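Peer 1: Residue numbers (my numbering), protein chains in the order written: chain B, 1 to 280; chain Z, 1 to 280; chain A, 1 to 280.
Simulated from the structure, these hints should not be mistaken for lab results.
Quick caveat: nothing in here was measured; it's all calculated off a predicted structure.
Take the hints with a grain of salt, since some may be wrong.
To be verified - Here are the computed lysine-lysine pairs in the DSBU-like style, where the Cα-Cα straight-line distance is at most 35 Å:
(1) B:Lys110 - Z:Lys27
(2) B:Lys27 - A:Lys110
(3) A:Lys27 - Z:Lys110
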Amino acid sequence: MPPTITLLSDFGSADGFPAAIKAGILKRLPDATFIDITHDIAPQNVAAASFVLGQVAPRFPARTVHLAVVDPGVGSDRVPLILISPGGHKYVAPDNGLLTHVVAHSGPLKNVPHEHGFLEPYRAEVPDRWAAYEIDPGRAASELSNTFHGRDLFGPVAALLAHGAAPQGLGDRVGEITCLNVPGPSSGGDSLSGRIQYIDHFGNAATNIREADLTDIEIIVACRKFVADGPVDSYAAASGPGAIIASHGFLELFETNGSAAARYSLAVGDRVTVTSRVEA
Amino acid sequence: MPPTITLLSDFGSADGFPAAIKAGILKRLPDATFIDITHDIAPQNVAAASFVLGQVAPRFPARTVHLAVVDPGVGSDRVPLILISPGGHKYVAPDNGLLTHVVAHSGPLKNVPHEHGFLEPYRAEVPDRWAAYEIDPGRAASELSNTFHGRDLFGPVAALLAHGAAPQGLGDRVGEITCLNVPGPSSGGDSLSGRIQYIDHFGNAATNIREADLTDIEIIVACRKFVADGPVDSYAAASGPGAIIASHGFLELFETNGSAAARYSLAVGDRVTVTSRVEA
Amino acid sequence: MPPTITLLSDFGSADGFPAAIKAGILKRLPDATFIDITHDIAPQNVAAASFVLGQVAPRFPARTVHLAVVDPGVGSDRVPLILISPGGHKYVAPDNGLLTHVVAHSGPLKNVPHEHGFLEPYRAEVPDRWAAYEIDPGRAASELSNTFHGRDLFGPVAALLAHGAAPQGLGDRVGEITCLNVPGPSSGGDSLSGRIQYIDHFGNAATNIREADLTDIEIIVACRKFVADGPVDSYAAASGPGAIIASHGFLELFETNGSAAARYSLAVGDRVTVTSRVEA
């Protein structure tokens, strides 16, 4: 049985684009099996796609092939990539920052430019023990449309990798890939200053602040009109706004049985301030 | 081949939560296969989830494992359950009423409190030939986040059950589970009084009135501004509002080529009155 | 391993209807495997369903069974069909025009009535080397609800076909099926006049104009408030409105990083005019 192929995209659910990719893979690899991570990333939202991919893909068994296509630059000269993780996961994606959160699992990324904006793309060194390859379309695709490289290029490459093809046969190794700037929080005086980096379907807002960043277990979390004591141990432990270390490991702003994002007009990029409840 | 694992939740389609559950299951059971029942239950709507689960899950082959997670009480002291049906279906879910319609297939539930509100939860006896177990997290989960027991607890339990583990090895047997009050219609004089219990994607409104409850084959069905003769034999047999015995076995209010719920402002819980078209 | 069964419908994602179909198929064919093409066709939109099915289904391997259910006439006397393509694909669908774009891959359809409206249904000859059968429900379904033939009839037929049953055992051969009128563009003087035939999730609008229909490589494309030079080679090559030969092979109207349909109020059926940029 070949390894599972996962799919993540902004193709939506109405038009059958993911099924067209799977059809092409099944023609090359009749016993392929698929898991959809999501196809409902907001159109062209590479940052959201990267966050979800980083949360979910590394949880699959080793050897899993991950096909990720949020690709506003399709048909331009943006590079198609294969990325191999130290654990043996194989990622196929356009080189536009989509792999940021996957790579960030290895630790802080190098060569982030100073004064670089939140989520701004830059060229990052491929970390030790990872390997990246620039796909040569001529070695993988028989025909390439202008608009759907998920079907015409990334899908066939995923099929080849799932079948056991070596990535070095599909492209040349490269030393840098595009990443988005996803810094950790900064601390100043008595407070910690972070950002909202992802808002989920429930309206819960994930910050970039990890449990280890907190210097106190009794905190006040504030962002726009949202203010809550925290962190609590369960969504049911607050009534109204609350803050919790959620399943992704980040401090999350939530509203019990409601949407924090809608209620407090929270958006990705918003500053989140954490202060101690105990006076110094 | 292990039995199919079905999944039902309110996780939505954007964030990859169901895929994170599947990833964990595949690590434990590499040849697991999945069918998604739905992940688009409205957030925290346990009653809707229960209706859909009750309609769909029992149609799967015996031995199927059903993972159902609509879980506003995640992280609190609500109990995680395994429920085994007489036909050999295995359900894994929080004990919050989600299994109501599955259990109701065995007949009317016992110990419903008098004067209990529609959809109000209560403690129900586990029916004869069914078996319920309170999952002991220590026997199934290696690590438990505050917010995502679908991934950290229910998923691993589903993997173990699909692999053939005995439920009594995962928790202690219990005699009661939480159910929602889903009464049948009441009859008074010449009329039958029921409720809308589910509204689907097309805006069709399912009542709690079954064909066997109808004492006449020529009826008038009314609910708010909706009035229709019925029951008809096909959606195409009415123009405008209509009433039909639908595929779930309940009397359903519909609008031909439109949404009855939107057009007549129908909501779950609304009273539906059925009277005879023939004067007595 | 039986061939893949694909599913396409307007059942939406919330109610579990596709899973109910799959449950019934798994009971008949325990090792069935499924690919969802989409279940998010707009309710009762047979034309959109036909376009998506025609784009995606033929890309699957030969022998694939395609179950397509957008069925406003369910329960009426509309005919249930099996259609076998020259390449060995097996389609199961109501006879309401859903198979139009699949059949149109064989070339222009015959007996289109003169002066027939865009997307208007008519009776078309089954093309050479294709075979159509009117399903006899008595030979395939054990019980037939009023409202859900996807579950009660089309699903069981798909299971039988995937198991290797001969279509002639399930119904009688017929010579005509219902198709929608999907004409090509018309040319008059210096311009080409086409139609928008599908709008996708990104708001990209597919016309019925193919690359081969264009007599010039430098064109101006206009539709309502949309005007663009074209065709370009990538979405990134335009800023604002653009026109491109997209992955479906048709000229497509798009807006870079936006929705052309929303921005220019484009709708299916709208006239699209193509003129040469070079003066004659």
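Peer 1: Work down the list of hints and note, for each, if the structure agrees.
Peer 2: Here's how the hints hold up against the structure:
1. B:Lys110 - Z:Lys27: Measuring from Cα to Cα gives roughly 31 Å; hence the hint holds.
2. B:Lys27 - A:Lys110: 31 Å, holds
3. A:Lys27 - Z:Lys110: Within the cut-off at roughly 31 Å; holds.
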